[in-house]
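Those protein sequences? They're chains A and B, same order as listed. Residue 1019 in this note's numbering sits at position 133 of the first sequence; the count goes up by one each step and never skips. Residue 991 in this note's numbering sits at position 105 of the second sequence; the count goes up by one each step and never skips.
Hints listed in this document are in silico derivations from the structure and should not be mistaken for laboratory results. Since the model is a prediction, treat every value here as computed from it, not as a measurement. A couple of the hints might just be wrong.
Pairs involving identical chains hold if they fit within one copy or between any two copies, as the list cannot separate such chains.
As the list claims (entries may be wrong) - List time: in silico DSBU-like cross-link candidates among lysine-lysine, alpha-carbon distance up to 30 Å:
1) 1000 with 1055
2) 1111 with 941
3) 910 with 941
4) 1299 with 914
5) 1000 with 914
6) 910 with 1228
Next come the chains, spelled out residue by residue.
There are 2 protein chains.
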Amino acid sequence: MALIVHKYGGTSMGSTERIRNVAKRVAKWARAGHQMVVVPSAMSGETNRLLGLAKELSPAATTPELQRELDMIASTGEQVSVGLLAIALQAEGMPAVSYTGWQVPIETDSAFTKARIQRIDDQRVRADLAAGRVVIITGFQGVDAGSNITTLGRGGSDTSAVAVAAALKADECLIYTDVDGVYTTDPRIVEQARRLHTISFEEMLEMASLGSKVLQIRSVEFAGKYRVPLRVLSSFTPWDIPIDEEASSGTLITFEEDVKMEQAVVSGIAFNRDEAKISLLGVPDRPGIAFSILGPVAEANIDVDVIIQNVSHDGKTDFSFTVHRNDYARTMDLLKSVVVPKTGAAEVTGDTRICKVSIVGIGMRSHVGVASRMFQALSNEGINIQMITTSEIKTSVVIDEKYMELAVRALHKAFDLDQPAAA
Amino acid sequence: MALIVHKYGGTSMGSTERIRNVAKRVAKWARAGHQMVVVPSAMSGETNRLLGLAKELSPAATTPELQRELDMIASTGEQVSVGLLAIALQAEGMPAVSYTGWQVPIETDSAFTKARIQRIDDQRVRADLAAGRVVIITGFQGVDAGSNITTLGRGGSDTSAVAVAAALKADECLIYTDVDGVYTTDPRIVEQARRLHTISFEEMLEMASLGSKVLQIRSVEFAGKYRVPLRVLSSFTPWDIPIDEEASSGTLITFEEDVKMEQAVVSGIAFNRDEAKISLLGVPDRPGIAFSILGPVAEANIDVDVIIQNVSHDGKTDFSFTVHRNDYARTMDLLKSVVVPKTGAAEVTGDTRICKVSIVGIGMRSHVGVASRMFQALSNEGINIQMITTSEIKTSVVIDEKYMELAVRALHKAFDLDQPAAA
């Protein structure tokens, strides 16, 4: 007997018919002898509907007071879901009880609309599990020290599920999604993309942050921190497939590096075309220069991704970084009006027509020549590399966006990702 | 400066445009210097939509476990309303904060779907009022000792508003509704029906329970118990009418009997055609007979309204009562199969084509001949009286339903309710 956490997305909860299917699937697991905790999202479209009503009354939630009310409103979507799922399970003859974030309680800070979980009290849930009940907990939300309802931000139900699994020391947390696992790259771009049976936690982090949007990144961080075995699998399989088959489907996110050593050097190719690059040329190379450039950017709440500064010549250096394309114009204005006068930079240049392509693999740590193989593959296709950054398990290049698909396909092939992995 | 509670129904909260109007009206009161607490219902149709979803999964909520989940689901309607109204007020530049039942907290028993309020903690609300904030509290719901969400049953928002007003010792509780006050009788039946400027608490109780469905009966009981001055007024007046005019509109439910002594003997005519009458004839007249008849009926959860037992002849008596028409067939079956064999009654008869018409007036206490004037008026119209019951401030007759409108009109005229009251 294991303690299992299931997480179902909004699509799986999209109608009473689908909720009934979720109930049947959960009941199957419970009848197999497992203690079951379920974290469902709001019915698809519901959170948008609720926030849309709020927006009609106040276009922007610019104050903590307004954000508190948004959380009050948005959190009801999940509350309806848990109640409906509990009813569906009871209708299946399976004892079940639902809890909101404040009832568990799931304690968070007071950062309304983007709160962080601080502590989960598992006492009430454990008592129900011991009594043979399926426990259903609202995703996406918690309660702060002042008894205010908070939400974790969009996609926060993944994080809730992993946090609950961590608090309960669950044997596995299964995330049921629209996709059937994590792929070597996006199958819409590379037809030969394969589903990975396992992926390491660190690789998953890099894949998630680079745009393979299977899981919310914070949920992966949480899983890593608390070593929660996490499985991404399809919610579209029939509810009554054999439980053994279901339990080994999808992609398992693991913490055992030894397993990976025997496998491919590179696990996947990630990419992102939401960014724009900006360079300050001829910046005087003195201590504190990076801060005097990025300080004002951070203050303006603009997120920076890649940052590159190369060695200097004649006391001058070039400083480059990427921001989201939506922030490009604002960042350029800021640099020209504030940063250039302050730093004495010679010039500001930028380009929105770029993309970032990355190879990700825990095997890169112990294999030399991985990056050069990447550069060779791109060179063979005549693709010019504009920027390069590397980390222990990832190498990223910034290239002209028109080459993105070509680069992803070339790299997928160069690292033998088209071939089925050894079993 | 007064402490005022406003209650708005689902129609008033039916769209963001209407919510904006409610916010403007409340802001007007707050800017006039009043401390404001607002109790809104769910947006019209929302509670039915939510319970409809639950019903698709489980047609009947027959267990406390299922009823708990219904409350979990249904309570979200009001939670959305309070959040939206708080946002609308903030958008008007008026500080406002919303609370659910459990946040106040409004403590109830654990009778899910029909809980009763036990205690309201006013500390948090008072702090907000002192800080100049409008406080918005969910109607219809509370929290039990086990931190489960409970609801008060349909229409419970009236009760919430009055209970909150009682806990805060509010100066007045204003119930904004689809009608502009309490009338001498239903204007759809008697064209000359007039709005009452004031009505006593006891009269209001009788009027409410007899079908003048302006206020939920429990809210009137609450108002009486805690002496909360209650005003029923229209939510359809423009939000910007002068506050003095608004504050004296509608019908005020008072506790000062002296005021009433100078006014009409009868305040209104109530009626009800939802009932059916049932008689057991030739019942042996012995101690315990009423219980042996009504005990099984109560056990079957059938509500009984009028009960009549007249003097006996030859050791036999006739026992009559009324039930809701929906319960008529079930009650007849129960009497024939269980009660008749047990009591030795000679016969069971019943009739669904009846109605109940009542005159209500606190003045009846001190005026003789009120009932006989009623019987005379009915006699003049050739209406036969089937049953009669009386209380201190009410006299009811059961008659053939086809005479209902005629009887109401005749009584309305006989007691001079067509004439404007003295100012």
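Outcome of the hint check:
1. 1000 with 1055: within (25 Å within a copy, 38 Å between copies)
2. 1111 with 941: For residue 1111 and residue 941, neither the intra-copy (36 Å) nor the inter-copy (41 Å) Cα distance is at most 30 Å.
3. 910 with 941: Only across copies: residue 910 and residue 941 sit 17 Å apart there, 37 Å inside one copy, limit 30 Å.
4. 1299 with 914: Close neither inside one copy (41 Å) nor across copies (69 Å); limit 30 Å.
5. 1000 with 914: neither (34 Å within a copy, 34 Å between copies)
6. 910 with 1228: Neither way: residue 910 and residue 1228 sit 64 Å apart in one copy and 48 Å across, limit 30 Å.
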